[in-house]
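Colleague: Sequence:
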Amino acid sequence: MLFLLEGVALEDFSGFLTHTQHHLNQEYFISDILLSYFSEHNFLIKWFISDRMKPCDFPQIKNGRLHNEERYRPYFPVPVGKRFHYLCNSGFVTASRRYWGFIHCTARGWRPAVPCVRQCVFHKVENGESPYRQIPYSQGESAKVKCYPGYSLPNGQDTVTCTENGWSPQLKCIRVNKVGPCDQPPELLNGEVKGTKKEEYSHDDVVEYVCNPRYLLKGPNKIQCVDGKWTTLPICVGSTGKCGPPPPIDNGDITSFPLPIYAPSSSVEYQCKYLYQLQGNKKITCRNGEWSEPPKCLHPCVISEEIMERHNITLRWIENQKLYIKSGDYAEFQCKSGYRQTNTRPPLRTLCIDGHIDFPSCSIYMINSKDE
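First residue of the sequence shown: 1, per the UniProt record's numbering; consecutive thereafter.
Hints should not be assumed to be uniformly reliable.
[As the list claims (entries may be wrong)] Pair ranges (Cβ atoms, derived):
#: 1; residue 1: 74; residue 2: 169; range: 55 to 61 Å
#: 2; residue 1: 290; residue 2: 337; range: 24 to 30 Å
#: 3; residue 1: 54; residue 2: 315; range: 32 to 38 Å
#: 4; residue 1: 267; residue 2: 169; range: 38 to 44 Å
#: 5; residue 1: 349; residue 2: 229; range: 33 to 39 Å
[As the list claims (entries may be wrong)] Each computed DSSO-like pair below joins lysine-lysine, with the alpha-carbon atoms no more than 27 Å apart:
#: 6; residue 1: 172; residue 2: 82
#: 7; residue 1: 82; residue 2: 146
#: 8; residue 1: 336; residue 2: 124
#: 9; residue 1: 144; residue 2: 54
#: 10; residue 1: 296; residue 2: 144
#: 11; residue 1: 218; residue 2: 194
#: 12; residue 1: 197; residue 2: 222
#: 13; residue 1: 336; residue 2: 296
#: 14; residue 1: 242; residue 2: 198
#: 15; residue 1: 242; residue 2: 124
#: 16; residue 1: 146; residue 2: 172
#: 17; residue 1: 124; residue 2: 283
#: 18; residue 1: 82; residue 2: 54
#: 19; residue 1: 198; residue 2: 218
#: 20; residue 1: 242; residue 2: 146
#: 21; residue 1: 222; residue 2: 194
#: 22; residue 1: 146; residue 2: 296
#: 23; residue 1: 283; residue 2: 218
#: 24; residue 1: 242; residue 2: 282
#: 25; residue 1: 222; residue 2: 146
#: 26; residue 1: 62; residue 2: 336
#: 27; residue 1: 124; residue 2: 144
#: 28; residue 1: 144; residue 2: 273
#: 29; residue 1: 172; residue 2: 198
#: 30; residue 1: 296; residue 2: 283
#: 31; residue 1: 282; residue 2: 336
#: 32; residue 1: 194; residue 2: 146
#: 33; residue 1: 222; residue 2: 198
#: 34; residue 1: 197; residue 2: 172
#: 35; residue 1: 172; residue 2: 194
#: 36; residue 1: 124; residue 2: 82
#: 37; residue 1: 197; residue 2: 218
#: 38; residue 1: 218; residue 2: 282
Since the hints were made in silico from the structure, they are not lab data. Here a beta-carbon is modelled for each residue, glycine too, at the ideal position from N, C-alpha and C.
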């Protein structure tokens, strides 16, 4: 019997073609039978018929699970074309970078192949500086780390990578044994090195600076040679009310490029890292040689599956599931099925305050026989 599919002949095929044919990358699906061919120079070389497409067993989702998995487990295996809601554990997101997603049964198994991917948030780098970024890093992404002088990441690396198990290597700069000399100490604007300069400067050597008349020194008056680099240079500020660099804040930075000296009445603005909430005036002003009070960046709150499981609660609005919420935002919970809240404090709608949230608790609801 001879069949023709889109101009290509099928020979030596026994059976009847009774279902709609679908073309996909040199593969034809006749119901649940897969026909594949190989061609060379527009000539048919070989046809073969694969096994029937296998149904999908219950998916083993690493770092996640099916939604209501116990409810659906008895219905497995399922045919190709079925899809299910799934969610990821704390610290992981779906392939579409959301809390919820769909996993599909295909002829080649479950897709996406990696349903849950890690998200890494930059916390403080020990003995180093944290790069500023508003959004978390996804599994496979890398970030540069700047260690303090005399410190380095393991094996001399300068990058860390977000992996399934978190940052690799860890966000920790370690002391390096190798030390080297420093170049001549840097020039100080409106100031100079106190005493006579040396021809060479070794590790741990110290240099002292003084400012010119009518200028005041801001910062330590000494710098040190540490593994071939000088520590931070002070600045000399005019006594007419100029200011030095704006003060640093935790989990935030200024929005403009920092300058060594700011004129009186100059102002700068601050912004916080992603999910951190700014408290106070975002703008500070230079007055009489001093900056006004800088703002603070309040920590976000973490809502994890483990914490909610401990308290027998879930987030009330499924479509608004969050892993992190900003300080000042509310989270609304509900008791798990078969549970109810025994105490009204804390309430089911509760406020995140600088990284802290009072989680409500629910207890199992025992039905009294008199109530039945």
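Colleague: Each of the hints needs a verdict: does it hold here or not?
Modeller: Hint check results:
1. 74 with 169: 55 to 61 Å: violated (45 Å)
2. 290 with 337: 24 to 30 Å: violated (59 Å)
3. 54 with 315: 32 to 38 Å: Distance hint for residue 54, residue 315 holds at roughly 37 Å.
4. 267 with 169: 38 to 44 Å: holds (40 Å)
5. 349 with 229: 33 to 39 Å: violated (52 Å)
6. 172 with 82: violated (45 Å)
7. 82 with 146: violated (48 Å)
8. 336 with 124: Cα-Cα ~36 Å, so violated.
9. 144 with 54: violated (45 Å)
10. 296 with 144: holds (25 Å)
11. 218 with 194: holds (16 Å)
12. 197 with 222: holds (14 Å)
13. 336 with 296: violated (37 Å)
14. 242 with 198: violated (32 Å)
15. 242 with 124: violated (32 Å)
16. 146 with 172: holds (11 Å)
17. 124 with 283: Holds. Residue 124 to residue 283 sits at ~24 Å (cutoff 27 Å).
18. 82 with 54: Holds, at roughly 13 Å.
19. 198 with 218: Distance of about 24 Å is within 27 Å: holds.
20. 242 with 146: violated (30 Å)
21. 222 with 194: holds (10 Å)
22. 146 with 296: holds (23 Å)
23. 283 with 218: holds (21 Å)
24. 242 with 282: Holds: residue 242 and residue 282 sit about 20 Å apart, inside 27 Å.
25. 222 with 146: holds (23 Å)
26. 62 with 336: Given that 27 Å is the threshold and the Cα spacing comes to 24 Å, the pair holds.
27. 124 with 144: OK: residue 124 and residue 144 at ~14 Å, within 27 Å.
28. 144 with 273: holds (17 Å)
29. 172 with 198: With Cα atoms ~35 Å apart, residue 172 and residue 198 exceed 27 Å; violated.
30. 296 with 283: Holds, at roughly 12 Å.
31. 282 with 336: Judged against 27 Å, a Cα distance of about 41 Å means the pair is violated.
32. 194 with 146: Not OK: residue 194 and residue 146 at ~30 Å, beyond 27 Å, violated.
33. 222 with 198: Given that 27 Å is the threshold and the Cα spacing comes to 15 Å, the pair holds.
34. 197 with 172: violated (36 Å)
35. 172 with 194: Given that 27 Å is the threshold and the Cα spacing comes to 36 Å, the pair is violated.
36. 124 with 82: Given pair residue 124, residue 82 is violated - Cα atoms ~44 Å apart, limit 27 Å.
37. 197 with 218: Given that 27 Å is the threshold and the Cα spacing comes to 22 Å, the pair holds.
38. 218 with 282: holds (23 Å)
The structure shown violates the earlier hints numbered 1, 2, 5, 6, 7, 8, 9, 13, 14, 15, 20, 29, 31, 32, 34, 35, 36.
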